[in-house]
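J.: Listed here are the chains, written in short residue letters.
Number of protein chains: 2
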Amino acid sequence: MSEDYKVIFTPSGRQGRIEAGTSLLDAARQLGADVDSVCGGRALCGRCQVDIASGQFAKHGIESSPHHVSSPEAAERRYAEKRSLPDGRRLACQCTVTGDLLVDVPATSQVHSQVVRKAADNREITLNPPVRLCFVEVQEPDMHDPSGDLRRLFEAVEAQWPDRVSGPLQAGLPVLQQLQPVLRRGKWQVTVALRGGSEIVAIWPGLKEQVGGVAIDVGSTTMSAHLCDMNSGEVLASSGMMNPQIRFGEDLMSRVSWSMMQEGGAAEMTQAVRDGLQQLISEAAASAGLETSDILELVLVGNPVMHHLFLGIDPVELGGAPFALAVDGPVDCLASELGLQLHPGCRVFVLPCIAGHVGADAAGAVLAEAPHKSEAISLLIDVGTNAEIVLGNSKRLLAASSPTGPAFEGAQVSAGQRAAPGAIERLRIDRETLEPRFSVIGCDLWSDDAGFAEAVQKTGITGICGSGIIEAMAEMYLAGLMSADGVIDGKMASRTARIQPDGRTFSWQITETVSITQNDIRAIQLAKAALHAGFRLLMDRLAIDKVDRVLLAGAFGSHIDPKYAMVLGMVPDCVLDRVVAAGNSAGAGARMALLNLEARTEITQLVRRIEKIETAIEADFQDHFVRAMAFPHKTEPYEELARAVQLPPRDLSDNTVSALEKTPRRRPSRRR
Amino acid sequence: MSEDYKVIFTPSGRQGRIEAGTSLLDAARQLGADVDSVCGGRALCGRCQVDIASGQFAKHGIESSPHHVSSPEAAERRYAEKRSLPDGRRLACQCTVTGDLLVDVPATSQVHSQVVRKAADNREITLNPPVRLCFVEVQEPDMHDPSGDLRRLFEAVEAQWPDRVSGPLQAGLPVLQQLQPVLRRGKWQVTVALRGGSEIVAIWPGLKEQVGGVAIDVGSTTMSAHLCDMNSGEVLASSGMMNPQIRFGEDLMSRVSWSMMQEGGAAEMTQAVRDGLQQLISEAAASAGLETSDILELVLVGNPVMHHLFLGIDPVELGGAPFALAVDGPVDCLASELGLQLHPGCRVFVLPCIAGHVGADAAGAVLAEAPHKSEAISLLIDVGTNAEIVLGNSKRLLAASSPTGPAFEGAQVSAGQRAAPGAIERLRIDRETLEPRFSVIGCDLWSDDAGFAEAVQKTGITGICGSGIIEAMAEMYLAGLMSADGVIDGKMASRTARIQPDGRTFSWQITETVSITQNDIRAIQLAKAALHAGFRLLMDRLAIDKVDRVLLAGAFGSHIDPKYAMVLGMVPDCVLDRVVAAGNSAGAGARMALLNLEARTEITQLVRRIEKIETAIEADFQDHFVRAMAFPHKTEPYEELARAVQLPPRDLSDNTVSALEKTPRRRPSRRR
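In order, the protein sequence lines correspond to chains L and U.
Quick note: to get the working numbering, add 1 to the position in the first sequence (first position is 1).
Quick note: to get the working numbering, add 1 to the position in the second sequence (first position is 1).
Just so you know, these hints were derived from the structure itself, not from any lab.
Since the model is a prediction, treat every value here as computed from it, not as a measurement.
It is possible that part of the hints are untrue.
Only pairs whose alpha carbons sit at most 27 Å apart, straight line, appear in this in silico DSS-like list of lysine-lysine [to be verified]:
{"hint": "1", "chain 1": "L", "residue 1": "Lys396", "chain 2": "L", "residue 2": "Lys547"}
{"hint": "2", "chain 1": "U", "residue 1": "Lys188", "chain 2": "L", "residue 2": "Lys613"}
{"hint": "3", "chain 1": "L", "residue 1": "Lys188", "chain 2": "U", "residue 2": "Lys613"}
The following label-pair restraints were derived from C-beta to C-beta distances [what the hints assert, rightly or not]:
{"hint": "4", "chain 1": "L", "residue 1": "Pro182", "chain 2": "U", "residue 2": "Thr222", "range": "48 to 56 Å"}
{"hint": "5", "chain 1": "L", "residue 1": "Glu612", "chain 2": "U", "residue 2": "Glu138", "range": "51 to 59 Å"}
{"hint": "6", "chain 1": "L", "residue 1": "Arg397", "chain 2": "U", "residue 2": "Gly33", "range": "43 to 51 Å"}
All residues carry an ideal CB built from backbone N, CA and C; glycine is no exception.
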């Protein structure tokens, strides 16, 4: 009987006695420690690098030393020469146990390593990718044993990667068609991509070390992609572009209407978005130095209309009650079925939509923000033409969509515009002089800073964007230029010349060309009331008045000042510093699903569990909506806001009811 | 507690007690009796028709009467009016149990009914089709329960067809893309095609009663298709055509060579054969009154080169040792992956090849002829450019391919031609006068019948086909015009002017333009010796001298006279009436696989079990080959032949060895 030694792997802590002469890679497999490998122990890929600790480890009762493994032999020395090996690093597949050992597996050598997402966005993803690369040596054919090349490939994978194979192997036609030339070009050494432990989806001659996957958020306006190394999880490239469908209509519902009116309209929009996806992926691949044929996996998210369109499903049913989704589960298909020219084995996973107006993008945001993993009540808001709202915690999650309309995006506002250079985006009003100061996109200075006029000369001041309007409205209220019901106060014309008569109402002039009119305020009131009524409805269901955390997702959420959002009632009462921009949560969720199979199961099961509230049929929604036209400070206590902001005296004595009566009771039409 | 009654179903014999008021269709399901239904009990499809017996059934202790079920109600009467119902027939879904019953399920109402194949070919197939039609009523969407249409479809199928669903339901993108318009067009009543009990591959509005499947044998020269009703198994149409690849070369190996020499040559041949498949299927569909989009299932067989080509696999490896197949298992893919325009959910099952020269056509023939289901030793021979040979019984099966070359197809023979009008196909020689009489294809008369000259005037006598050459050779031997070594006997010129000098040898003249030369005889000798050596090698492995049954498959097998084949040694010793033409066994096997899932498993497992013999590396093959150049009667005892035919005196005294020595020892090149 041969000797054995104690071997401990960190950081997993897996340990046990290992027979002398066993390779460290085999030892890791025996003990269940996580050590990566593509080449399967041939000193080719260098994924299994480990550090061997030196010293006494009293806690474990061992002394570990780099001398307790065999010395580097030819293959390992060749690897170190050709590919370089950091000092002290060893290839686990090449050194064998000759004494007690403490072996550290660096993150880069772990299969299930934690990947830190891009700097701004430091959540971690645990890797558990759907495809894995496996290098194998295949038996050559022999007239004495006339088996097919595919059978011998399967036998090689089963024999050389027993811990990766989880079922009977299979391979589709594209692999079969390539099989014979690739085996011969690789001189019977090939790398296969193994999907789900049983399907060979790709094959390359020799050693293939990198394949990519792309996570894509298909927004109505923009599409963004992150190309990741499927083995390390690293983001290799990111790209973004305008959604080419925009030529069919700025907002989603105009696109749905267009598709309903044109023969083949939906098909044309499908083609446009798919062309866009192909371009986006090609650009990302090019900037990462990969071929599109190196892309083996896609994950897509998007709102329900985009989701249906890129899948080639006519979105017409989403345009009218009962807003029926074609499919509410995840969709799994081949990239080629979407007309994408990537690797023929490339598969697509599409996150599930939550409801007819709460899309796969919201599902992605939920996956990324994980409200279901905390007892704290989270409110997740993604403002677009519709606001997608998710509320809850580990016990219960609710979702709804509110028809905010496009006012927050600058539409329906006299001087409104999209967030683009030249737009006013921030605004303050001096409480004494009632003079405004503001900043515009594309310029770092405030309007009262020296040199501002020159700085903005190039873009001009072209209008006001969503965040600018919100700040303007909130400041007008806080400065007393506007009542709690949203009426511009004509009496204040005596204190500032910026209040001007405007028909039977008044407007407030910011610059010569940019004013806030009473109509503008009504448009924003309708939008923010719809948003407020949406989350209020969900909060009623949970019987709560405050939430623990508000996450504002998407581009709009990143530019909005939480304080002003709260003054307007666009978020519920909450400790102010717990109202945060979440960035592109939908895209982050897509990336988690790209790199981790369990995330796919998790979000699929979770979406089933989410309670879907259809605001259109909830009587309470209408009541909340009417009440929310006013500033919330007037109608309900916002304790946290009062602590943070100097609010006007709370005055319930004015004629709230009559003011509400005057508000047109129309609901904005259901649009996204 | 309600009453129950004894219900017996025939022919299955399933019986039990059934609660009063239960429909007969439900009773059948409860008892496991086989009663078909597409509409799921809505009196629409009429598949569940049954006969109710009348009288005492002492053996079962019951009295059955048509009055022991409820009377026809509106739905059933409507069906009888619109679609007609034979006298006494009832729809099992519409009548309920009110007393003891003996219910006969006619074959047309059974799911797993036996289907008799076309007249000439009376083997039975048990139906167990991969796709089943299920009519369902789907819940409409509701804003209070915002689930996707697909989920409600799944729920409907699960609830309404519990005995057909065997796993979690799924549906691919093509179904998803059609789902919403189809549900609405069908007013929430649709028919789905359920594949393998879990995948919805197609959906139609309302009731869909018929879908087709096609079994295709892709031969080197011709392709033939049988279009079947997937529910009844009935052959709705058959079609055949020349393989369009023929323009790339008459025989297979010239096509492989062509593909090797041309850039993209294999791809071009793939395209040609796929175009041919599309045309063949379209023609069959048209003649059955179906659309190509009604085709939901294909089964393909073919020799290894064809198999690789229609799958889009370059057959170059089959052109040289070690003749490695890309895949030796079955292939399952979508018809669209083969570029075929059928229903987008149409799948293709390709039977496994047995070895590099023994194709999926041979596997189909094995499935149809079932040598593995008998203790009797069967020899299955399919003569093409290669002869595919399978030998054995339930205990052991062997397969090999012999390089016969194209002589049997009329090539390499001076007056040889393909079997076409004008070719001599039968020939007898008068033992006294040594005068021949013959018949030609396209004419029913023999050459010595009155009116023959006029009858053949249209075609003329253009040459001699394979079966004609074989009969000519055998008759020449039996009449003494040729020695057992295959030498035309110049001495016989004294008895007949048809023996003519021909250089250093002699030839035998049939007509002014058609002669059999010594070279022709050598070519046939080489071919028949290769065939003989092939089965002899397999018989050696089983240590047998005789077989119990010889099946000659394919067109050549249908035209060859067993007696003459045996005189030449093209089949081994066997009772003469057990040497039979098997017809298109490969196509028949394809049809079995089309209609019965178990047949697919059966042939897949069986092919693995077949012992593959590579004749090219067997030293014994060469010995058998040389010995088999002579007539077998000379070198080995053919007991059964001697009983059936008046053979020349067996003479082992002539100089056999020197005759063999003179035979060129070259082997025909390995070709198919």
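J.: Evaluate each hint against the coordinates.
T.: Comparing the hints with the structure gives:
1. Lys396(L) - Lys547(L): holds (17 Å)
2. Lys188(U) - Lys613(L): holds (26 Å)
3. Lys188(L) - Lys613(U): Given that 27 Å is the threshold and the Cα spacing comes to 26 Å, the pair holds.
4. Pro182(L) - Thr222(U): 48 to 56 Å: Check failed, 28 Å falls outside 48 to 56 Å.
5. Glu612(L) - Glu138(U): 51 to 59 Å: Between glutamate 612(L) and glutamate 138(U), where Cβ atoms are some 27 Å apart, the hint is violated.
6. Arg397(L) - Gly33(U): 43 to 51 Å: holds (45 Å)
In this structure, the earlier hints numbered 4 and 5 are contradicted, and the remaining ones agree with it.
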